[in-house]
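Quick note, the sequences are listed as chains A and B, same order. When we follow the working numbering, the leftmost residue of the first sequence carries the number 470, and every step to the right adds one. When we follow the working numbering, the leftmost residue of the second sequence carries the number 470, and every step to the right adds one.
Simulated from the structure, these hints should not be mistaken for lab results. Hints may contain errors.
No copy labels: a pair is met if it fits in one copy or bridges any two.
What the hints assert, rightly or not - Calculated cross-link-like contacts (lysine-lysine; reagent style BS3-like; alpha-carbon spacing at most 30 Å):
{"hint": "1", "residue 1": "K587", "residue 2": "K611"}
{"hint": "2", "residue 1": "K478", "residue 2": "K534"}
{"hint": "3", "residue 1": "K611", "residue 2": "K486"}
{"hint": "4", "residue 1": "K587", "residue 2": "K486"}
{"hint": "5", "residue 1": "K611", "residue 2": "K568"}
{"hint": "6", "residue 1": "K486", "residue 2": "K534"}
{"hint": "7", "residue 1": "K474", "residue 2": "K568"}
{"hint": "8", "residue 1": "K534", "residue 2": "K611"}
{"hint": "9", "residue 1": "K478", "residue 2": "K490"}
{"hint": "10", "residue 1": "K486", "residue 2": "K613"}
{"hint": "11", "residue 1": "K587", "residue 2": "K490"}
{"hint": "12", "residue 1": "K490", "residue 2": "K474"}
{"hint": "13", "residue 1": "K613", "residue 2": "K534"}
{"hint": "14", "residue 1": "K611", "residue 2": "K490"}
{"hint": "15", "residue 1": "K611", "residue 2": "K478"}
{"hint": "16", "residue 1": "K534", "residue 2": "K490"}
{"hint": "17", "residue 1": "K478", "residue 2": "K613"}
{"hint": "18", "residue 1": "K587", "residue 2": "K613"}
Protein chains: 2
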Amino acid sequence: MADLKFRVKAQSENPTKTVVKARGFEIIIDEPANLGGTNEGANPVEYMLAAFCGCINVMGHIIAKELDFELRSIDISMSGNLNPARLFGSSMEDRAGYKNIEVFIEPDCDASPEVLSKWLEAIENRCPVSDNLSNSTPISLKLKALQLA
Amino acid sequence: MADLKFRVKAQSENPTKTVVKARGFEIIIDEPANLGGTNEGANPVEYMLAAFCGCINVMGHIIAKELDFELRSIDISMSGNLNPARLFGSSMEDRAGYKNIEVFIEPDCDASPEVLSKWLEAIENRCPVSDNLSNSTPISLKLKALQLA
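With the sequences and hints as input, model every part of the structure.
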């Protein structure tokens with residue numbers, strides 16, 4: 470299969486609010502008041518968890534089909550801890566992002582625990598968001614202004 | 470500083486559409502028709518890029534303040550390539566997620582190229598989403614159903 474390219478474009482509306490366009494969709498990202506924001510949307514690290522939930526749903530259904538059981542629905546709760554000290558520049562001791570991400574998945578189905586255990590393993594192994602969070606990905610961050618200079 | 474905990478809850482509405490709650494916010498995730506979805510929202514890997522854009526905006530403003538220049542706004546374009554073969558189960562050769570993420574940032578400001586180069590480096594080093602994408606993060610994926618069994 471050929472690679473797929475996904476892209477987004479974003480504009481800052483204020484120091485914490487970002488309006489992102491992905492195809493025809495508009496995504497509003499902000500920070501809550503206690504993190505200095507205008508609270509008009511979920512924040513970046515919440516969106517990262519949301520993306521992972523969406524991916525688990527898609528993968529869960531693809532793999533249930535492969536394992537030949539009916540998956541009626543999935544409920545997911547997800548959380549992560551991060552220390553904001555590095556972000557705010559007060560200490561560089563901890564990493565910037567989530568130290569860990571904890572996920573509880575509740576599938577509505579009649580599959581056996583053995584089948585569900587295979588199902589879960591395949592989700593973890595084949596989910597794009599899980600891969601990008603649990604493994605390292607090269608990022609190229611460039612300034613457009615400098616390129617034009 | 471103490472760790473902050475972020476959490477979301479999600480429900481599948483169909484095999485590709487997921488409704489995520491983050492505090493008071495609802496996030497709709499889906500897949501486009503050509504990936505088997507009902508196209509009611511951006512898809513998980515687009516949300517992952519959106520999260521990164523939102524984080525760059527927040528960090529860009531925090532660090533501009535530290536470096537003492539006025540940042541009027543930021544435009545960001547971001548893209549990533551992934552091969553869907555592993556996701557769909559047709560080949561396990563490639564990784565599941567983005568192989569790389571390319572970001573172009575266009576800050577509207579009067580800072581010198583030297584200051585902007587420091588600015589960019591600090592964003593990359595201190596942005597939580599950048600950290601979670603470019604470095605490895607432990608993920609614990611558990612079944613709620615199995616725990617109750």
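Outcome of the hint check:
1. Taking identical chains as interchangeable, the C-alpha atoms of K587 and K611 lie at most 30 Å apart only when they sit on different chains, with a minimum of 12 Å there against 41 Å within one chain.
2. When the C-alpha separation of K478 and K534 is checked against a cutoff of 30 Å, the pair qualifies only between copies, where the shortest distance is 24 Å, while the shortest distance within a copy is 34 Å.
3. Within a single copy, K611 and K486 get their C-alpha atoms as close as 21 Å, which meets the 30 Å cut-off; across copies the closest is 33 Å, which misses it.
4. Taking identical chains as interchangeable, the C-alpha atoms of K587 and K486 lie at most 30 Å apart only when they sit on different chains, with a minimum of 23 Å there against 41 Å within one chain.
5. Taking the shortest Cα distances, K611 and K568 sit within 30 Å of each other both inside one copy (26 Å) and across copies (17 Å).
6. In the homo-oligomer, the alpha carbons of K486 and K534 lie at most 30 Å apart only across protomers (16 Å), although the nearest pairing inside one protomer, at 40 Å, exceeds that limit.
7. In this assembly of identical chains, the alpha carbons of K474 and K568 lie at most 30 Å apart whether taken from the same copy (29 Å) or from different copies (10 Å).
8. Within a single copy, K534 and K611 get their C-alpha atoms only as close as 42 Å, which misses the 30 Å cut-off; across copies the closest is 20 Å, which meets it.
9. With identical chains, the CA atoms of K478 and K490 are at most 30 Å apart both within one copy (5 Å) and between copies (24 Å).
10. In this assembly of identical chains, K486 and K613 lie within 30 Å of each other by CA distance solely inside one copy; the values are 21 Å within and 35 Å between copies.
11. For the homomeric pair K587 and K490, the shortest alpha-carbon distance between copies (28 Å) is at most 30 Å, but the shortest distance inside one copy (36 Å) is not.
12. When the C-alpha separation of K490 and K474 is checked against a cutoff of 30 Å, the pair qualifies both within a copy, at 15 Å, and between copies, at 27 Å.
13. For the homomeric pair K613 and K534, the shortest alpha-carbon distance between copies (20 Å) is at most 30 Å, but the shortest distance inside one copy (45 Å) is not.
14. Taking CA atoms no more than 30 Å apart as the test, K611 paired with K490 passes inside one copy only; the shortest distance there is 20 Å, against 33 Å between copies.
15. Taking identical chains as interchangeable, the C-alpha atoms of K611 and K478 lie at most 30 Å apart only when both belong to the same chain, with a minimum of 14 Å there against 34 Å between chains.
16. Proximity of K534 and K490 under a CA criterion of 30 Å is satisfied inter-copy only: 27 Å between copies versus 32 Å inside one chain copy.
17. Proximity of K478 to K613 under the C-alpha cut-off of 30 Å is restricted to the intra-copy arrangement: shortest distance 13 Å within a copy versus 37 Å between copies.
18. In this assembly of identical chains, the alpha carbons of K587 and K613 lie at most 30 Å apart only when taken from different copies (15 Å versus 45 Å within one copy).
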